[in-house]
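Undergrad: Chains A and B, in that order, are what the protein sequence lines are. Residues 10 to 386 in my numbering are what the first sequence spells out, letter by letter. Residues 29 to 791 in my numbering are what the second sequence spells out, letter by letter.
Treat the hints with caution; some may be incorrect.
[Claimed, not checked] In silico DSS-like links for lysine-lysine, alpha-carbon gap of 25 Å or less:
#1 Lys259(A) x Lys197(A)
#2 Lys340(B) x Lys322(B)
#3 Lys63(A) x Lys78(A)
#4 Lys254(A) x Lys288(A)
#5 Lys91(A) x Lys113(A)
#6 Lys113(A) x Lys257(B)
#7 Lys282(A) x Lys254(A)
#8 Lys512(B) x Lys309(A)
#9 Lys113(A) x Lys194(A)
#10 Lys392(B) x Lys364(B)
#11 Lys322(B) x Lys512(B)
#12 Lys251(B) x Lys320(A)
#13 Lys559(B) x Lys309(A)
#14 Lys419(B) x Lys322(B)
#15 Lys230(B) x Lys251(B)
#16 Lys288(A) x Lys309(A)
#17 Lys512(B) x Lys113(A)
#18 Lys340(B) x Lys309(A)
#19 Lys322(B) x Lys392(B)
#20 Lys492(B) x Lys480(B)
#21 Lys288(A) x Lys354(A)
#22 Lys320(A) x Lys364(B)
#23 Lys247(A) x Lys288(A)
#24 Lys500(B) x Lys340(B)
#25 Lys169(A) x Lys93(B)
#26 Lys354(A) x Lys373(A)
#27 Lys53(A) x Lys63(A)
#28 Lys257(B) x Lys320(A)
#29 Lys324(A) x Lys354(A)
#30 Lys197(A) x Lys113(A)
#31 Lys324(A) x Lys268(B)
#32 Lys512(B) x Lys165(A)
#33 Lys268(B) x Lys309(A)
#34 Lys32(B) x Lys230(B)
#35 Lys360(B) x Lys257(B)
#36 Lys53(A) x Lys194(A)
[Unchecked claim] Heads up, incomplete: computed chain B residues facing chain A, CB under 8 Å, no partners named:
#37 Ser259
#38 Phe262
#39 Gln288
#40 Asn294
These are calculated hints, taken from the structure and not from any lab test. Just so it is clear, CB atoms sit at the ideal spot from N, CA and C, and this is done for glycine as well.
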Amino acid sequence: MPTHITRRQFIKSGALFCAALMSTKFLNRALGEKSFAATTAFTKEALYYKKIDKNTVMCILCPHQCILKDGDRSFCRVREPKEGKLYTLVYEFPCSIHVDPIEKKPIYHMLPGSKSISIATAGCNLRCKFCQNWQISQEYPENTTNTYLSSHDVIKLTRKRHCRSIAYTYSEPIVFYEYMLDTAKLAKAHNVKNIWVTAGYINPTPLGELCGVIDAANIDLKGFDDKYLQEVCGERLKPLLDTIKMTREKGVWVEITNLVVPTLNDDPDMIRKMCAWIKENLGRDTPLHFSRFWPMYKLKNLPPTPLATLKNAKKIAEDVGLNYVYMGNVPEVQASDTHCPHCKKVLIHRVGYFVLENNIVNSKCKFCGHKIAGIWA
Amino acid sequence: MGVKKTTIYSLLVIGITAISSQIILIRELFTAFYGNELSFGFILALWLLGGAVGSGFLGSIFADKIDRKLPLFSAVQVLLSILIPSSIIFVRITRTLFGVGVGEIIGLPAFLANSGLALFPISLGLGFLFVLGCKIISESSSAVGIGRVYTLEAIGAMIGGTVTSLVLIRYFGALQIAFMLSFLNLLSAAFILPRQSAQNEKYLKTISLLLIFLLAVFAISGKIELMDKKSLEFKWAGFKVLKSTDSIYGRITVTEKDTQFNFFNNGLFLFSSHDPLSSEEAVHFSLIFCPDPKDVLLIGGGSTQIMQEILKYPVSTVDYVELDPLVISLSKEFLKNEPFYRLDDPRVNIINEDGRHFIQDTEKSYDAVIINLPNPYTAQINRFYTEEFFKEVKKILSENAVVSFSVGSSENYLSREQSLFLKTIFETARAEFQEVKIVPGDTAYFILANKKGVISLNPEDIIKRLEQRGIKTIYVRDYYLFSKLSDERIDYLYRAINQAGGVRKNMDFYPVSYFYDMVLWSTYFSFQLSKFFMFFTRKVLLCGTFFFFALLFIVFLTRRRTKNFRREATLLALGTTGLSEISFEILIVLAFQIIYGYLYYKIGIIITSFMFGLYLGSLYITRKLTTISRPYKTYTIVQVFVFIYPLILLLAFKVFASSPFGGVSRGLGANIFAVLPFIAGFVGGIQYPLANKICFGSSGAIGKTAGITYAVDLLGSFVGALLLSSFFVPIVGISTTCILLAGLNLVSLALLLAGVKRNSASP
C-alpha cells in the first residue's frame with residue numbers, strides 16, 4: 010500500500026472517479042430507467058384520491074391506498090401524481106382489444122352465445138404468480154404498445170363487430186377505472202351491456218359508483234385462505250369478500266371463478282368453506298366456475314390441475330347446494346352445461362365457446378317453467 | 029524427489045472432487061431452479077469465483093504462514109466430505125424451507141444466493157487446498173512443485189470427470205455420488221497425516237476414520253438411499269414422487285397427483301398424462317394439410333397423447349426420435365394403462381438419438397415432420413430452430429410434406445420482446461420454406477410447407493378437412509377455432525411481428541433466437557432485466573469490447589517502466605488464457621453439437637481430451653522447468669499460440685461444417701474434431717507452470733505465488749463462463765467471438781513483447 014499519493018496518482022484517481030460517475034449514467038440507460046413522465050400524458054385526473062400535502066396524495070381506489078409523492082408510481086404502475094394531483098396514465102389507451110365469445114370471460118348467465126369486445130390496459134394491483142396476461146398486467150404502460158381508443162370509439166367498435174357487450178378484462182380493470190367507468194356509462198346509454206372481469210380488489214366507494222353502470226361481473230375468488238391470497242396473489246381475503254357481497258347487493262349479476270392450482274389451493278376443506286360462504290352470502294343461484302390451472306408465468310413448472318381434483322371440487326360445490334357449478338378449460342368432460350335446478354334438464358348445452366342448445370324462454374325453463382337466474386335478453 | 033504416495037493420492041482426490049462435485053451440484057441446482065444457458069453461466073462462474081477466492085485470497089495469505097500444513101489440509105478435507113452431501117441436501121430443501129412452492133420460478137437474487145451458498149464453500153475449500161498442496165509438495169520452495177500439483181489436479185479432474193459423467197451418474201443418485209466423494213476425501217484426510225503425529229493430528233485422524241466408519245454403516249443399512257428419497261419428497265412437497273432417475277442427459281422425475289402423472293426433465297415440466305389440447309394442436313394443424321401422410325417423423329413428445337392423434341391418420345410408420353431413452357422407459361412404466369398410450373403400436377418406431385443427428389443421417393423421406401421440443405432456451409435446443417436445420421429438414425421431405433413446430437407465445441398481447449422472438453424464427457423459416465403460417469395463442473404453432481397455398485388458417489377449411497377424414501377431436505374443431513383463428517387475432521399476430529423491427533435470421537453459428545428466449549426468460553424476474561439485455565446489441569457489444577481492449581492495453585503500457593511489469597504482463601496473459609481456455613471448451617462443444625449432433629459420449633471425449641492436453645502440457649513443461657533459463661521468452665512464444673488458436677478454431681469450424689468432412693467422412697471428421705481441444709489444453713497446461721516460474725522469481729513465496737496465479741487463472745475462467753455463452757455467442761455469433769478472443773490474446777501478447785524489449789535493454 011502506498012503511504013503517500015503522488016500528484017500523478019491523484020490525477021489518475023480523480024479521472025477514474027469521474028469515469029465511474031459517468032458510467033452510472035451509462036448503466037442507468039442500460040437498465041432502461043428512463044423518466045416515465047416523458048412518455049406518458051398527464052391529461053386525465055384520477056377520480057378517487059385524497060390530497061395529503063402540497064405534493065403528496067393518497068390513492069383511495071383500492072385497498073393498497075398508495076401514498077404517493079410527485080413522480081412516484083403507484084403499486085399498480087398506472088397512476089402518478091404531478092403537482093399534487095393524481096393522474097391515470099392509461100385513460101383511453103388500451104394495449105389489448107379483441108372480440109371474444111362471452112363464454113370465454115366466463116359469463117354463462119347473460120346473453121349466451123353473444124360476442125363481447127374485450128379491452129385492457131397495462132397494469133394490475135395484484136401480483137399473481139400464475140397470471141395468464143402477465144406481459145401486460147405486470148408491465149408499465151409506457152413499455153406496452155397502446156392504441157388510442159376513446160370511449161366513443163369503443164361503442165362504435167362494438168356496433169361494427171356485432172357485439173352485445175363490452176368486457177373490461179385480461180389485466181385488472183380496476184386500474185383503468187376512469188376509462189372503464191366513462192365507457193360503461195356511454196355503453197349503458199347505447200343499450201350495450203358491460204362486463205367487469207375482475208379480481209375485485211377495490212374500495213367500497215368507487216365500487217358503489219361502478220356498480221351503477223355494470224351489468225355483470227365475473228369476480229375471481231382465487232382461494233378462500235388469506236395466507237394463500239397474500240403469498241400467491243398479493244391481496245387479502247376480507248376486502249375481496251366485501252367487494253363480492255356488495256356487488257351482488259347492488260344488483261349486478263355476479264359469477265365467481267376459482268382457479269384451482271394443484272398443491273396451492275386445492276384443499277377440499279377450503280373449497281367447501283368457500284362454497285358455503287357463496288351460498289350464504291350470494292345465494293345458491295350464483296354460478297361458480299372451477300377453472301383448470303395451466304403452467305404459466307412464475308408457475309411454469311407446476312403441472313396442470315388433475316381432472317380428478319376439478320371433478321371433486323365440483324362435487325363439493327354441488328353437495329353444499331350451489332345450483333350452477335361449471336368446470337372451465339376441460340371440454341373433454343361435459344361440465345359446462347346449465348341444468349335446470351328444478352327439473353334437472355339441460356337448459357343450455359355448451360361445447361367450448363359454442364352454445365348448441367338454449368331452452369330458456371322468457372328467463373324460465375322451457376320444460377318446467379322454473380325461473381332461471383341471469384340476464385337473458 | 030521423494031513425494032509421498034499419500035500426498036499424490038490426496039492431490040488426485042482434489043482433482044476428482046473438484047470436477048465430480050461440480051457436475052452433480054450443477055445438475056442439482058439446475059433441477060431446483062430451472063436453468064437455461066445464462067443460469068448455467070452464472071453457476072459455473074460462481075464456482076470458479078469460489079476457487080479464485082480460495083486460492084488467491086485464503087491461499088496466498090495463509091499458505092506461507094502456517095507451519096503445520098498437513099493437519100490443515102486434512103481438516104479442510106474432512107470439512108469438504110461433510111459439505112458436499114450437505115450442499116446437495118441444501119439445494120433440495122431450501123425452496124420448500126423458504127415457502128417456495130413446487131414449480132415456481134424464483135427471483136434471480138434468490139437463485140444466485142442459493143447457488144452461491146451451495147457452491148462457494150466447496151470451491152473455496154478446493155482452491156485453498158490447491159495452494160496448500162503446492163506448498164506441501166515443494167517444501168523446498170520451487171515453481172516445479174506448483175506445476176506438479178497442477179498436473180496431478182488435471183489428471184484427477186480427467187479421471188473424475190469421465191467416471192462421474194459417463195458411468196456414476198447413470199447408476200447412482202447425486203447423494204450417493206456425493207458420499208463417494210466424501211469417502212475419498214476422508215481416506216485422504218486420514219492418511220495424509222504422518223504416522224507419528226501430534227495430539228490434535230491424532231484427533232483429526234480419529235474423526236476421519238470415525239466418519240468413514242459411519243459412512244460405511246449408512247451405506248450398508250440403506251440410509252443413504254432413504255436420505256435421497258426423503259430429500260426428494262421434501263422437494264416435491266404435495267406430489268407423490270414415483271421416480272426420479274438420472275440418465276447421462278439429465279434427471280427425469282415422474283410425480284403423481286390425483287391420478288395424473290407428470291413428467292419433468294431437470295425440474296422443467298415436460299408433460300402430464302392429461303393434455304388433449306396441446307396434443308391435438310401439435311398434430312392436426314399440420315397433418316390436416318398433408319394429403320397423404322404415410323411416413324411421419326416425430327421429434328420429441330411421443331409419450332403423450334400426440335402419438336394417438338397422429339395415428340388417427342392412415343399412416344404406415346411413425347419414426348419417433350427421442351434423445352433420452354429414460355423418457356421412453358419411464359413412459360412405458362407409468363403410462364401403459366392410459367387410454368392414449370401408443371408406444372407399443374407396430375407402426376411406431378422409437379429411435380433414441382439426437383433429432384438433428386437423425387435428420388442429417390437418414391435416407392428416408394417423410395410426408396410430415398412434427399417437432400415437439402421446448403423453446404430454444406439453450407444453444408443445444410436452438411439447433412432445432414436454425415436456418416441450417418430447416419435446410420436439412422427440407423432434404424428429407426416428400427413433395428407435399430408439411431412441417432410443424434411450436435414455441436411459447438402469448439394469446440392476448442404480444443410484447444416487443446415476444447414479437448422479436450417470434451419474428452427471428454418466422455424469418456428463418458420463411459427463408460427456407462415457400463409457405464410459413466403461424467397459429468396464434470399462448471403457444472404459437474408454426475406450419476411450414478414447400479409449396480404455396482397448401483396451408484390455410486381458415487377455420488372453416490380446417491373443420492371441413494377434419495370432417496372429410498372423419499377425425500374426431502375435442503379442441504381442434506369449430507367450437508374453438510372460430511375464436512382462436514379469428515381474422516382479428518391472426519391479423520394482430522402478423523401486425524405485431526411486422527412492427528417488431530429488423531431481426532437477424534437464427535443461424536447455427538449465430539444463435540439469435542436463444543438470445544431472445546433468454547430475454548423473455550428474464551421478464552419472469554423483472555422487465556428491467558430484460559431491458560438490460562435488449563440494450564446489448566451487436567454494435568454496443570463490439571464497441572464495448574474494443575474500448576475495453578484499448579483501455580487494457582493503454583493502462584498496462586503506461587506501467588511498462590515499472591519494476592514488476594513482467595510479472596504483471598505474465599499474470600494478465602494468464603488471466604486472458606484462463607478466459608480463452610474455458611471459452612474454447614464451450615465453443616468446441618457447441619460447434620460439435622451443431623455439426624455432428626448432441627452425442628453425449630463424444631462430448632465426453634472432447635472434455636476429456638481437453639483435460640488430457642492440460643495434463644500432458646503441464647507434465648511436459650514441469651519436467652523441463654529447471655532447464656528453462658528464460659521462462660519469460662518461452663511464455664511469450666506460447667502466448668503466440670494462444671493468440672492463433674481461436675483463429676485456427678474458426679477455420680476448423682468452417683471446414684468441418686462444410687463439405688470435405690460432411691457426407692461419408694463424417695465419422696472421421698467427428699473423431700478429428702475431438703482432438704481440437706487437446707491442443708487447447710496442452711497450450712494452457714504449458715503456460716501455467718511457466719507463469720509460476722516467472723512470478724516465483726519475483727516474489728519468492730510459494731504459497732503466495734501459487735495462490736495468485738491460480739486465482740488469476742480462475743478469475744479469467746470466471747469472466748469467460750459468465751459472458752461467453754450468454755452474451756457473446758448469441759449477440760455477435762461464434763465466428764466474431766473467435767476473432768474477439770484472438771484480439772484479447774493479441775493485447776496480452778503485445779504487452780508481453782513490450783516486456784521482452786524492456787528487459788533486453790537492461791540486464
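Undergrad: Decide, hint by hint, whether the structure agrees.
TA: These are the hints, each one checked on the structure:
1. Proximity of lysine 259(A) to lysine 197(A) is assessed by CA-CA distance (about 16 Å); at most 25 Å being required, the pair is judged to hold.
2. Using a Cα cut-off of 25 Å, the hinted pair lysine 340(B) and lysine 322(B) holds, with the two alpha carbons roughly 12 Å apart.
3. Proposed proximity of lysine 63(A) and lysine 78(A) is supported: the alpha carbons are some 9 Å apart, at most 25 Å.
4. Proximity of lysine 254(A) to lysine 288(A) is assessed by CA-CA distance (about 11 Å); at most 25 Å being required, the pair is judged to hold.
5. Of the pairs offered as hints, the one joining lysine 91(A) and lysine 113(A) is violated, with about 39 Å between alpha carbons and a cut-off of 25 Å exceeded.
6. Proximity of lysine 113(A) to lysine 257(B) is assessed by CA-CA distance (about 43 Å); at most 25 Å being required, the pair is judged violated.
7. Of the pairs offered as hints, the one joining lysine 282(A) and lysine 254(A) holds, with about 16 Å between alpha carbons and a cut-off of 25 Å not exceeded.
8. For the hint linking lysine 512(B) to lysine 309(A), the alpha-carbon distance of about 22 Å falls within 25 Å, and the restraint holds.
9. About 23 Å separates the Cα atoms of lysine 113(A) and lysine 194(A), which keeps this hinted pair within 25 Å; it holds.
10. Restraint check: the Cα-Cα separation between lysine 392(B) and lysine 364(B) comes to about 30 Å, which exceeds 25 Å; the hinted pair is violated.
11. Taking the CA atoms of lysine 322(B) and lysine 512(B), the gap is near 29 Å; set against the 25 Å cutoff, the hint is violated.
12. Taking the CA atoms of lysine 251(B) and lysine 320(A), the gap is near 40 Å; set against the 25 Å cutoff, the hint is violated.
13. A hinted pair counts as satisfied when its Cα atoms are at most 25 Å apart, and lysine 559(B) with lysine 309(A) qualifies at roughly 22 Å.
14. Between lysine 419(B) and lysine 322(B) the alpha-carbon distance is near 22 Å, which keeps this suggested pair within the 25 Å criterion.
15. Between lysine 230(B) and lysine 251(B) the CA atoms are separated by roughly 29 Å; this puts the pair beyond 25 Å, and the hint is violated.
16. Using a Cα cut-off of 25 Å, the hinted pair lysine 288(A) and lysine 309(A) is violated, with the two alpha carbons roughly 33 Å apart.
17. As the CA atoms of lysine 512(B) and lysine 113(A) are separated by approximately 11 Å, the hinted pair is consistent with the 25 Å bound.
18. Proximity of lysine 340(B) to lysine 309(A) is assessed by CA-CA distance (about 30 Å); at most 25 Å being required, the pair is judged violated.
19. A C-alpha spacing of about 12 Å is found between lysine 322(B) and lysine 392(B), which places the hinted pair at or below 25 Å, so the restraint holds.
20. Distance restraint check for lysine 492(B) and lysine 480(B): the Cα-Cα separation of roughly 20 Å lies within the 25 Å cut-off, and the hinted pair is therefore satisfied.
21. A C-alpha spacing of about 22 Å is found between lysine 288(A) and lysine 354(A), which places the hinted pair at or below 25 Å, so the restraint holds.
22. Of the supplied pair hints, the one linking lysine 320(A) and lysine 364(B) holds, its CA atoms being roughly 23 Å apart against a limit of 25 Å.
23. Among the hinted pairs, lysine 247(A) with lysine 288(A) is consistent with the structure: their alpha-carbon atoms are about 17 Å apart, no more than 25 Å.
24. With a CA separation close to 9 Å, the supplied pair lysine 500(B) and lysine 340(B) stays within the 25 Å bound.
25. Between lysine 169(A) and lysine 93(B) the CA atoms are separated by roughly 85 Å; this puts the pair beyond 25 Å, and the hint is violated.
26. Our distance criterion of 25 Å between C-alpha atoms is met by lysine 354(A) and lysine 373(A), whose separation comes to about 12 Å.
27. Distance check on the hinted pair: lysine 53(A) and lysine 63(A) sit about 19 Å apart at the alpha-carbon level, within 25 Å; holds.
28. Using a Cα cut-off of 25 Å, the hinted pair lysine 257(B) and lysine 320(A) is violated, with the two alpha carbons roughly 31 Å apart.
29. For a cut-off of 25 Å, the pair hint linking lysine 324(A) to lysine 354(A) stands: about 18 Å separates their Cα positions.
30. Note on lysine 197(A) and lysine 113(A): the hinted pairing holds, with a Cα-Cα distance of about 22 Å set against a maximum of 25 Å.
31. The hinted pair formed by lysine 324(A) and lysine 268(B) meets the criterion: a straight-line CA distance of about 24 Å does not exceed 25 Å.
32. With a CA separation close to 23 Å, the supplied pair lysine 512(B) and lysine 165(A) stays within the 25 Å bound.
33. At most 25 Å may separate the alpha-carbon atoms for a hinted pair to count; lysine 268(B) and lysine 309(A) meet this at roughly 19 Å.
34. The straight-line distance between the Cα atoms of lysine 32(B) and lysine 230(B) is roughly 19 Å, inside the 25 Å bound, and the hint therefore holds.
35. Pair hint lysine 360(B) plus lysine 257(B) holds up; C-alpha atoms about 22 Å apart against a cutoff of 25 Å.
36. Distance hint between lysine 53(A) and lysine 194(A) is fulfilled; the C-alpha atoms sit about 17 Å from each other, no more than 25 Å.
37. Look at serine 259(B): its Cβ only gets to about 18 Å from chain A, farther than 8 Å, so that hint breaks.
38. Because the smallest distance between the Cβ of phenylalanine 262(B) and any Cβ of chain A comes to about 13 Å, over 8 Å, the interface hint for this residue is violated.
39. Hint on glutamine 288(B) holds. Least Cβ distance to chain A is approximately 4 Å, under the 8 Å limit.
40. Evaluation of the asparagine 294(B) hint against chain A yields a violated restraint, the C-beta minimum of about 10 Å exceeding 8 Å.
Consistency note: the structure conflicts with the earlier hints numbered 5, 6, 10, 11, 12, 15, 16, 18, 25, 28, 37, 38 and 40.
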